[in-house]
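A.B. asks: Modelling step: build the complete structure from the supplied sequences, incorporating the hints.
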Amino acid sequence: MATRQLANWITAYMEYTRATESPDAYHFWTAVSVLGAITARQVSLDFNYFTIYPNTYIILVGPSGGRKSAAADIGMAIAESGGIKKFAVKITGAALIKELAECTVKRINGNIIQLCSPMLIYASELGVFLGPDAYSSGVIADLTDLYDCPKKWEKKTISRGAEEIIGPYVSVLAASTPTTLKACIPPDAIGQGFTSRILFIWAAKRKQRVPRPEHDAGTKLLEKSLIADLQHISTLRGTFTFTTQGFEMYRQHYLQRPEPEEEFEDERLRGYASRKDMHLLKLAMALSIAD
Numbered sequence: 001m002a003t004r005q006l007a008n009w010i011t012a013y014m015e016y017t018r019a020t021e022s023p024d025a026y027h028f029w030t031a032v033s034v035l036g037a038i039t040a041r042q043v044s045l046d047f048n049y050f051t052i053y054p055n056t057y058i059i060l061v062g063p064s065g066g067r068k069s070a071a072a073d074i075g076m077a078i079a080e081s082g083g084i085k086k087f088a089v090k091i092t093g094a095a096l097i098k099e100l101a102e103c104t105v106k107r108i109n110g111n112i113i114q115l116c117s118p119m120l121i122y123a124s125e126l127g128v129f130l131g132p133d134a135y136s137s138g139v140i141a142d143l144t145d146l147y148d149c150p151k152k153w154e155k156k157t158i159s160r161g162a163e164e165i166i167g168p169y170v171s172v173l174a175a176s177t178p179t180t181l182k183a184c185i186p187p188d189a190i191g192q193g194f195t196s197r198i199l200f201i202w203a204a205k206r207k208q209r210v211p212r213p214e215h216d217a218g219t220k221l222l223e224k225s226l227i228a229d230l231q232h233i234s235t236l237r238g239t240f241t242f243t244t245q246g247f248e249m250y251r252q253h254y255l256q257r258p259e260p261e262e263e264f265e266d267e268r269l270r271g272y273a274s275r276k277d278m279h280l281l282k283l284a285m286a287l288s289i290a291d
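Residues in the sequence shown are numbered consecutively from 1, following our numbering.
There may be inaccurate statements among the hints.
PhoX-like mimics (lysine-lysine), calculated; alpha carbons at most 25 Å apart, straight line [said to hold, decoys possible]:
no.	residue 1	residue 2
1	K86	K156
2	K205	K182
3	K98	K86
Distance windows between CB atoms, simulated [what the hints assert, rightly or not]:
no.	residue 1	residue 2	range
4	D148	L287	30 to 36 Å
5	M278	M14	23 to 29 Å
6	E265	D291	37 to 43 Å
7	M278	F28	16 to 22 Å
No lab work stands behind these hints, which were simulated from the structure alone. Ideal placement from N, C-alpha and C gives every residue a C-beta, glycine not left out.
C.D. replies: Shown next, in the form of structure tokens:
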């Protein structure tokens, strides 16, 4: 098997996108999303009573013209070239399970045959993708269930009856303005299960003005290396382990951080606060994959 070409995938990706107008925060979290998605349920962190996977739900938030979609589009071009399966049409419960079923792949691990359904849901415009009826239609409840990557997921639809998806592995990367976000996620829904699973990445304005981004021979070579390494990363298998120092740092953080009600007076934010440790571990896995 060929060795990886880059010392660190995220560092290289940030260099690749350096001359664009999109804020670095957008590029960084797009890279985290892509790395988590490409592993396709093949790597995980064993927490004894449950398993944590590096999939993420990330929404880039900012004003119109803030280059949110531009950042996500760059990452998705690399992701698709690396082999990630993308779902980018208006989502409904029926469409979601249909696409997951079509994404199902068979893996042979020794004498064991495993099924998995990996998919990256991509929405350059969140409003077009979800629509104002996302909560009432049950789509948000479905995405909430899928976030934790259950061993199997069953969905009943009028047209297709009951269907079972084995090994779903869903990631979400989207972009939105605050106004559209408010329309898709009503204020009274904030603090419920879905929003606590999302990382909202805010940037107030574009990073710089670039009349025409350069894409010279060096940039093209870096792009090829990013794609090649992403394809290599897609072959990774196994379980993450803590170093002694790493676990001690995490333990101290977990024991010493404030309770959700102490961290946020607004009770709608307490669900997110209670999940910050999960987000931290998913980010740690992505950073490890990047190396």
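A.B. asks: Run through the hints listed earlier and report the numbers of any the structure violates, in increasing order.
C.D. replies: The structure breaks only hint 4.
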